[in-house]
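Given next are the chains, with one letter for each unit.
Protein chains: 2
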Amino acid sequence: MTHWRFFSTIDLCSIALVLAFVNIGAASASVRPNLLLIIADDLGYGDLGCTGSTTISTPSIDALASQGVLCTQAYVASSVCSPSRAGLMTGRDPRRFGYEGNLNKAASGYATRAELLGLPPNEHTIANHLAAAGYSTALVGKWHLGDAELFHPNHRGFEYFCGILGGGHNYFPTANNNKIQRNGQPLKEFSSPYLTDFFTDEAIAWIKSRQTEAINDPWLMVLSYNAPHTPMQATEKDLADCQHIKDPKRRTYAAMVQAMDRGIGRVTKTLQDLGCSERTLVVFLSDNGGATSNASWNGKLSGAKGTLREGGVRVPMICAWPETLPAGKEYKGVVSSMDILPTFLGAANAQPLELSPTLGHQDATNQSRAVERYGAYDGVDLRDTLSGTTPTRRLLFWRLQGQTAVLDGNHKLIRLPHRPAQLFRPATDVGERRDLANGAPEIMLRLMQKLGEWESNLTTVPLWDSSPRWWRDSARIYDTWNPRPEPK
Amino acid sequence: MTHWRFFSTIDLCSIALVLAFVNIGAASASVRPNLLLIIADDLGYGDLGCTGSTTISTPSIDALASQGVLCTQAYVASSVCSPSRAGLMTGRDPRRFGYEGNLNKAASGYATRAELLGLPPNEHTIANHLAAAGYSTALVGKWHLGDAELFHPNHRGFEYFCGILGGGHNYFPTANNNKIQRNGQPLKEFSSPYLTDFFTDEAIAWIKSRQTEAINDPWLMVLSYNAPHTPMQATEKDLADCQHIKDPKRRTYAAMVQAMDRGIGRVTKTLQDLGCSERTLVVFLSDNGGATSNASWNGKLSGAKGTLREGGVRVPMICAWPETLPAGKEYKGVVSSMDILPTFLGAANAQPLELSPTLGHQDATNQSRAVERYGAYDGVDLRDTLSGTTPTRRLLFWRLQGQTAVLDGNHKLIRLPHRPAQLFRPATDVGERRDLANGAPEIMLRLMQKLGEWESNLTTVPLWDSSPRWWRDSARIYDTWNPRPEPK
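Line by line, the protein sequences give chains W and H. Sequential numbering of the first sequence, starting at 4, is according to my numbering. Sequential numbering of the second sequence, starting at 4, is according to my numbering.
Calculated from the structure, these hints are not laboratory results. Be aware that a few hints might be false.
Claimed, not checked - Each computed DSBU-like pair below joins lysine-lysine, with the alpha-carbon atoms no more than 30 Å apart:
id, chain 1, residue 1, chain 2, residue 2
1, W, K108, H, K108
2, H, K491, W, K453
3, W, K252, W, K491
4, H, K252, H, K211
5, H, K491, H, K303
6, H, K332, H, K108
If we strip away everything but chain W, and leave its shape as in the complex, we get:
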């Protein structure tokens, strides 16, 4: 346990508690935990049993929640896939390094650096940090942080990669219709005809291969499902299990989520079989809110993928680590997907790598200013937060498609191109129904200043931008995608 951790948890009234932490820390340092990050894709906030769905069955994910901590106010770094994953993988606000628009076919037409259509090479990934600390590292599933060789997961800290470089894929791959690879080699044969099951098989096989080694050789597995992102494709069996849902698209969505849940159940069962459940820290989350395209349901939240409303950036997140974290707890404070990196590093007793020097197009002065203000990394170690009772006060920023937002403690300010800035208290007003802007000029001014300071200290302009058409689309969803009952 480092002094840094000691001081951040100290409670002068609870010396006994502190000593307890010290003991846990000492244990963790000797046997480092395995780290398993499971990512869902465009999953709606309400689409799990543990977050409110009464039609979709997710027993495995619900079991994770009952064995760990369900974070009810967890935010991702962006409300579209690629920049969200850039924040997740680096533990840094992706706008800092120009990673703002989604990475898709249109991006190359709006790129300021055609050679950098992906995660900038001077950013460290979570796998870089953990590999440097002696972890085995693997990514199975969706990457979506750049297609070019420069960005390949095998060059970004993952010694093993099986999956897709892009943002989506058909779910019934054959030898001739797939872009699936293993460590750079195209794949022609699959252990399962359905992609979600195949990724599950791959993850399990790799985890099993690691557990034949010495106990002091811990591993990081990022299991990055592309489910339930479009295209809407499910197996006949899963569809049959969802016959109770009338809307065909919603039924397919539910079947896709259930396939993912089944996969997660198989992975956690594998951990049990291998006897390493207790010392594996598992984090599950979605990369952004449910999309308007996949029949997802964001529960009581407003907005959807592509907006900065809660429905775009607030996601289900579960942290389970029987050895250390409480079981069956609901944590209602703010956490961020960018916290996963420092949490994993803390659990692994590893120090983060130092930031690399800025690239030619990056402003070194702004980089220094930003590090001074916000630190080199934007997350916090959640181990103490989730065990404690006092929520950590957070400051989070977003920018996408003409929208900017800042969350500072209890207040979230959203600024859109087409209306006056709005102010919400999303902890209690989860649906963002009560705009407090008019009655709180001082808070508005303070948050605007923070937003402006942040924008002015970004290291670069966006590496690529989103078409103005997406601006329009974001505005449209923002105004029309209000909370509704779960689709049946």
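Starting from the structure of chain W, add chain H where the hints point.
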């Protein structure tokens, strides 16, 4: 005279006046006027005798004002040089076609289209329109709309070009230290050692060459001084004339402005000598507000070049046309630099060219939507406006370095990254001292909606962006550059 023009000026109580207009219109149609556009560079709003300076002597520009109409609320399309000129040259809001950031060395590092670092090839310039209508066309001085061959003035409608392609130049060119060219050929000899005088000589020589031709061969001359942009360099004689100004930088600035004024006097004298003063429409304006770097003075305005406050986008503008426009009039309504194109075309009895098809990176749907909402061009023909008494209601937009603004009739909304949006009435509150935002939620909402609609219908994202450092700089100037007495 077209019916269109007739109906826009009709005053049922003043039939005699209408008939007088009809006669003037008939004369103009048969003998088309010469068109002379004179551009100053980074000139402060207050730095002319006719706009309030008591230290800088500008008798020639003041004389133009007394012979024509001084517009006291004239706006340029941007508050930095290059996009302002893109709006001026095309008569279109430059953001429509992605011309948003200033064009400088940094731009190439932030370009989404490295091949399009200049005025997009599918945009028509004022010279394209007028050349198609039979005008001779010339540009003398600063271009600043692209260095590459593709963008060269000779390829953009100007049959004659003498000057610089970039944004600034030293004022004492020699054979070895200059980037001055004539129609693509580098120049080694100059008629005058001082650049402002040289550009004046060039403009006069070309105008004289045109006046040897038949009277029905009218001309367009754009005399685009780089004065009083930095570097701060003046002749010994001009400096001696400004000894009364103590601050050395301000003294140099005044000397540079006086050299420009002397040049303008020589040009107008040439018109008189050639007997074509009456039938030459002269427009004078600055490309943006005074800069913080050149010791300019924006009079009662707040802000400076780089901001969207009045001091950035409101400039002195004079329209003189003895044959048609009133003399010695002050027009207090809103006009725009984008009005010059339709005014020149109207005076020349020429129709604008149709918009070209969109380029590959441009969104044709957005183009159509924007044309439907705002028209193909963003200006109005000022001939009737300036002669009339009822100001035309205007809707103008700006976006630069994180700032957006809209002027709708009497209200101007400014949205910055670092503070709540503000609302001013710049016609009466020229210094933008009274923020009306809190008391006018309905106006705020309406203007925000207009701003959002405009942003969502741009044809492309910016062709290049400004570094976040400029965002910071704009914010700094915005807050600190308040109205002050004229520097002495």
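How the hints compare with the structure:
Taking the CA atoms of K108/W and K108/H, the gap is about 28 Å. The hint holds against a cut of 30 Å. For the proposed pair K491/H and K453/W, the alpha carbon gap of about 38 Å is over 30 Å, so the pair is violated. A distance of roughly 11 Å separates the Cα atoms of K252/W and K491/W; the hinted pair therefore holds under the 30 Å criterion. Distance restraint check for K252/H and K211/H: the Cα-Cα separation of roughly 36 Å exceeds the 30 Å cut-off, and the hinted pair is therefore not satisfied.
Proximity of K491/H to K303/H is assessed by CA-CA distance (about 16 Å); at most 30 Å being required, the pair is judged to hold. For the proposed pair K332/H and K108/H, the alpha carbon gap of about 42 Å is over 30 Å, so the pair is violated.
Going through the hint list in order, the structure does not satisfy hints 2, 4, 6.
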